[in-house]
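**Student:** One letter stands for each residue in the lines below.
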Amino acid sequence: MGRIRILPDALASQVAAGEVVDRPASVVKELVENSLDAGAGNLEVIANRGGISLIRVVDDGSGMNRDDALMCLERHATSKIRSTEDLDGIRTLGFRGEAIPSIASVSRFRLTTREKEALQGTEVVVDGGKLGGVKDAGEAPGTTVEVRSLFYNVPARRKFLRTEATEFSHLEQQVRLQAIAHPEVGFTLIHNDRPHFMLPARSHLLERIQGLAGAEIATRLLEIEPDGDGDIKVSGYIGGFGMGRSNRSLQLTFLNGRPVEAAPLNHALREGYHTALMKGQFPVVFLFLEMSPFAVDVNVHPAKKEVRFRDGHAVRHAVTAAIRRTLTRAQTTVPGQSVRPMIPGRTEIPAPPRWHQVPLIPEREQTALRNDWASLPPAPRPPETSRNDAPFPPPAATPPAPLQPEPQAEPENSPANRPVTTEDFRIIGVLGKLYVLMESAEGLVLMDQHAAHERILFEQMRNRMTAEGVPSQRLLVPVTVELAPREFDLVQQNLEALQKLGIGAEPFGANTLKIDSVPTFFRNDDPAAYMSEVVEELKRASRQIASIRLGEDLVATTVCRHAVKANDTLRDPELQRLLADLLACELPYCCPHGRPTLIQLSYGDLEKRFGRQVP
Amino acid sequence: MKFKITKEKFIEGLQQVQHVVSTRTTLPILSNVLIRAKGGMVELTTTDLDVGVRGAVSADVDEDGITTLPARKLASIVKELPTSEILIEVNGNNIAAIKSGPSFFKILGLSRDEFPELPDFSGAQEIVLDQKLVKDGLKKTFYAISTDETRYVLNGVNWSFAGGKLTLVATDGRRLAMVDQDVEIPDLPTRDVIVPTKAINELQRLLTDAGQVRIRIGESQIAFELNGYLLTSKLIDGTFPNFRQVIPGAPRHRVTMDRSLLLETVKRVSLLTSDRTSSIKLVFTEDNIEIMANAPEVGEARESLPVSYKGEKMSIAFNPEFLMAPLRNLDSDEVHLDLIDEGSPGVLRINEPFLYVIMPMRVTGP
Numbered sequence: 052m053g054r055i056r057i058l059p060d061a062l063a064s065q066v067a068a069g070e071v072v073d074r075p076a077s078v079v080k081e082l083v084e085n086s087l088d089a090g091a092g093n094l095e096v097i098a099n100r101g102g103i104s105l106i107r108v109v110d111d112g113s114g115m116n117r118d119d120a121l122m123c124l125e126r127h128a129t130s131k132i133r134s135t136e137d138l139d140g141i142r143t144l145g146f147r148g149e150a151i152p153s154i155a156s157v158s159r160f161r162l163t164t165r166e167k168e169a170l171q172g173t174e175v176v177v178d179g180g181k182l183g184g185v186k187d188a189g190e191a192p193g194t195t196v197e198v199r200s201l202f203y204n205v206p207a208r209r210k211f212l213r214t215e216a217t218e219f220s221h222l223e224q225q226v227r228l229q230a231i232a233h234p235e236v237g238f239t240l241i242h243n244d245r246p247h248f249m250l251p252a253r254s255h256l257l258e259r260i261q262g263l264a265g266a267e268i269a270t271r272l273l274e275i276e277p278d279g280d281g282d283i284k285v286s287g288y289i290g291g292f293g294m295g296r297s298n299r300s301l302q303l304t305f306l307n308g309r310p311v312e313a314a315p316l317n318h319a320l321r322e323g324y325h326t327a328l329m330k331g332q333f334p335v336v337f338l339f340l341e342m343s344p345f346a347v348d349v350n351v352h353p354a355k356k357e358v359r360f361r362d363g364h365a366v367r368h369a370v371t372a373a374i375r376r377t378l379t380r381a382q383t384t385v386p387g388q389s390v391r392p393m394i395p396g397r398t399e400i401p402a403p404p405r406w407h408q409v410p411l412i413p414e415r416e417q418t419a420l421r422n423d424w425a426s427l428p429p430a431p432r433p434p435e436t437s438r439n440d441a442p443f444p445p446p447a448a449t450p451p452a453p454l455q456p457e458p459q460a461e462p463e464n465s466p467a468n469r470p471v472t473t474e475d476f477r478i479i480g481v482l483g484k485l486y487v488l489m490e491s492a493e494g495l496v497l498m499d500q501h502a503a504h505e506r507i508l509f510e511q512m513r514n515r516m517t518a519e520g521v522p523s524q525r526l527l528v529p530v531t532v533e534l535a536p537r538e539f540d541l542v543q544q545n546l547e548a549l550q551k552l553g554i555g556a557e558p559f560g561a562n563t564l565k566i567d568s569v570p571t572f573f574r575n576d577d578p579a580a581y582m583s584e585v586v587e588e589l590k591r592a593s594r595q596i597a598s599i600r601l602g603e604d605l606v607a608t609t610v611c612r613h614a615v616k617a618n619d620t621l622r623d624p625e626l627q628r629l630l631a632d633l634l635a636c637e638l639p640y641c642c643p644h645g646r647p648t649l650i651q652l653s654y655g656d657l658e659k660r661f662g663r664q665v666p
Numbered sequence: 092m093k094f095k096i097t098k099e100k101f102i103e104g105l106q107q108v109q110h111v112v113s114t115r116t117t118l119p120i121l122s123n124v125l126i127r128a129k130g131g132m133v134e135l136t137t138t139d140l141d142v143g144v145r146g147a148v149s150a151d152v153d154e155d156g157i158t159t160l161p162a163r164k165l166a167s168i169v170k171e172l173p174t175s176e177i178l179i180e181v182n183g184n185n186i187a188a189i190k191s192g193p194s195f196f197k198i199l200g201l202s203r204d205e206f207p208e209l210p211d212f213s214g215a216q217e218i219v220l221d222q223k224l225v226k227d228g229l230k231k232t233f234y235a236i237s238t239d240e241t242r243y244v245l246n247g248v249n250w251s252f253a254g255g256k257l258t259l260v261a262t263d264g265r266r267l268a269m270v271d272q273d274v275e276i277p278d279l280p281t282r283d284v285i286v287p288t289k290a291i292n293e294l295q296r297l298l299t300d301a302g303q304v305r306i307r308i309g310e311s312q313i314a315f316e317l318n319g320y321l322l323t324s325k326l327i328d329g330t331f332p333n334f335r336q337v338i339p340g341a342p343r344h345r346v347t348m349d350r351s352l353l354l355e356t357v358k359r360v361s362l363l364t365s366d367r368t369s370s371i372k373l374v375f376t377e378d379n380i381e382i383m384a385n386a387p388e389v390g391e392a393r394e395s396l397p398v399s400y401k402g403e404k405m406s407i408a409f410n411p412e413f414l415m416a417p418l419r420n421l422d423s424d425e426v427h428l429d430l431i432d433e434g435s436p437g438v439l440r441i442n443e444p445f446l447y448v449i450m451p452m453r454v455t456g457p
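Protein sequences appear in the order of chains C and G.
Each residue of the first sequence is one higher than the last, beginning at 52 in our numbering.
Each residue of the second sequence is one higher than the last, beginning at 92 in our numbering.
Derived by calculation from the structure, the hints in this document are not laboratory data.
Every value quoted in this text rests on a predicted model; they were computed, and no experiment measured them.
Beta carbons: idealized from backbone N, C-alpha and C, even for Gly.
Treat the hints with care, since some could be wrong.
[What the hints assert, rightly or not] Selected chain C positions facing chain G (in silico; Cβ < 10 Å):
#, residue
1, N350
2, R525
3, A580
[Unchecked claim] Pair by pair, the computed Cβ-Cβ distance ranges are:
#, chain 1, residue 1, chain 2, residue 2, range
4, G, E391, C, N618, 50 to 56 Å
5, G, Q295, C, A518, 55 to 61 Å
6, C, D362, G, N333, 44 to 50 Å
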């Protein structure tokens, strides 16, 4: 007898569980996604001991009849796709038909469900993959899945679980993430019989973001500028200038309602925040992408964390453009309502206040806003169509997964939307021959004179390079550079952009480039070493912006030398001009290295410091 | 060790050797000058491990001996001493007492045992050349040496002794200066050597217009002996680019100009280049060159030079620094500029064995 055998179903499910279910948080993810696919309007997640002893997900979705309830326990059984074509255009969160049997194979599992119109529901019990019993049960409409003693029959897996607190924090993160992805759905999380949080259905996206990221961050986010039409819709909230973090934990991207990761998105974000963040920092981003499900392949990763785009460049471009647009607008207009730290907002005080008036200042709306989310515009109701449909309706009948509500945009031309001008600031003096102190309607603003001048010179020089091209010095002896095949292709596609940058390169045999001229400011660089830097930049920058970008690092270093320094005494007219030029910049709020040029100490901050206002 | 020396002699000797001493070193002995007093002479040696210099000055030596003292400190003390007569006495602990009239200095030295030996050149190939010829050749080429340390083979002057010629070449990859001088040297199988920048600088300091220089080429070292001084240096290990292939073929146009007039003109016009990355443009029309530059947001400059030119209108852009460097270091009255077209290298020549290849610049429009 041969040694190769077909695995028993229960074992196969346990193997599959290894891919899909590795900790309580991933169980919650699968169950919550099922509930969302079933059109739930409210979801309750109950966990005990970090989800290790109990996870119960209760939804008010479509529910299932008895046959479906049994069927869903079979491997590769799903209502979500039927044909290969469906796989190309997946609109539901799940589709693999593996989650339920996998979870059931590694836990004590109970599923109760009732369709809305049905008289009675069904209860199915599975124990470690073995069907324990099926019976009728009285239930509220919807589905409840209960997972007890996770991994009780897989000791190896159980050993890898962390402490209850750690597992719960992962679980909570997962629920928060799903809640951000679906602000139209109500989420409740109960841990060890105590309510952990309750997010009412149709709450505002920002409120949910605050739950995850904290009020400090949520209040400083900028809303992404809508970009009108296009196949790819980008919306959400992003951090402004200098709002960087040392890791990607708050860099969250959602595609058609699904939290995803994809290299093109990371590239696009980095590109969009180019020079707006310090090197090595990651932006705070809650980004929602909406695009045709046919343009994306989610069937890449078992847990669907990663996706592939048919047209990665288009996605990169759309995201980068949206970020640029938002950052650019953030500094050229005064938003009426949002709290943006660097920008004098509309306040109740018509004239700049005198210092001694500080305590008399009435409550500013931003403070109110911080503490009272009710003032936010209500989110529009999500499409209701899927709510009461047949159980697990075929995908064709399901509208695209409802995304975050599009928060009602402030009227575009409200009087508050006006450019920031020097009028908004009154220069008080210079501190330590470096920091220019200014009074704005919101408080004290400090300007780093060196960083500010650097930004101004940087943009001037870059604009000049863009307008006139970069002078290029021919080399006596052309240098040949050998590249990896992929890099070579990339360079070949960008020869024209390189030309504009003053790099004369042409293919010279297999994977080899001949460089016969270099930009003049790279006078003393080894062309071969320089070329490998260029290739790195090319990889990072998307095609559209590549050309001028390649020289920017050098421009930044050069202008740094020419900019006024600390200890240079600037007189009043010089300060005025510096401020005016800075505000005229495309990205005034940070220097080319990503350090801030302006810092604000708002009256609110000052009041807290002086104990006039309880933090 | 005990000797008496005049201030002038001592300063002269110290000045010729102290440039080699590195200002920053982790090896304290390299900051010191090795002093050996023997038979009416005081011998001074310094080294930075790559380049070493040794010279000797006459002195009244009462007691032979050898020690090392901090070179720069010693030089600055000697320079300020009040009388011309200096008495130096060093005890066995390398502590030097310096007396001059009423002033007295005590400085702490280091044992000569740690001082690195200058390399040995026994059995090396030997070539003797006129100092003036070498001095002249280096002056016409050294400015083109590359300062980019990543291309280390370009950080020096390439010496070639083949075919009865001394060929000196320096380049930074954008321009190239070459002197190709007939010399009388034995027709030995010689190889090209690259002498690093620092040694070239020291050599230029030591070279005079008279006398000869004895050059010895070892495996990885070179030694120059001249005017009582010995300069040794490591050679740059590597192959200099094939410089003959970059010298363009027959020019289509030759214009002859007054060297100092061209230099002055370029200097003036280049005042209106915005930074060191910009170019000046030479526009050739019949019997005229217009040299121009413009700096955005500053203004522009132009100046005409009457020349004999019969070709079609042509313009070519150069880095003004690259154009001025040879003009400053040549001393002939006339220079010839040979050109092919605006994208091809230009060649500056004089009526002596010298040529300078300069690559044009290209300004890509938006």
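**Student:** Of all the hints numbered above, which does this structure not satisfy? Sort the numbers upward.
**Tutor:** 1, 4, 5
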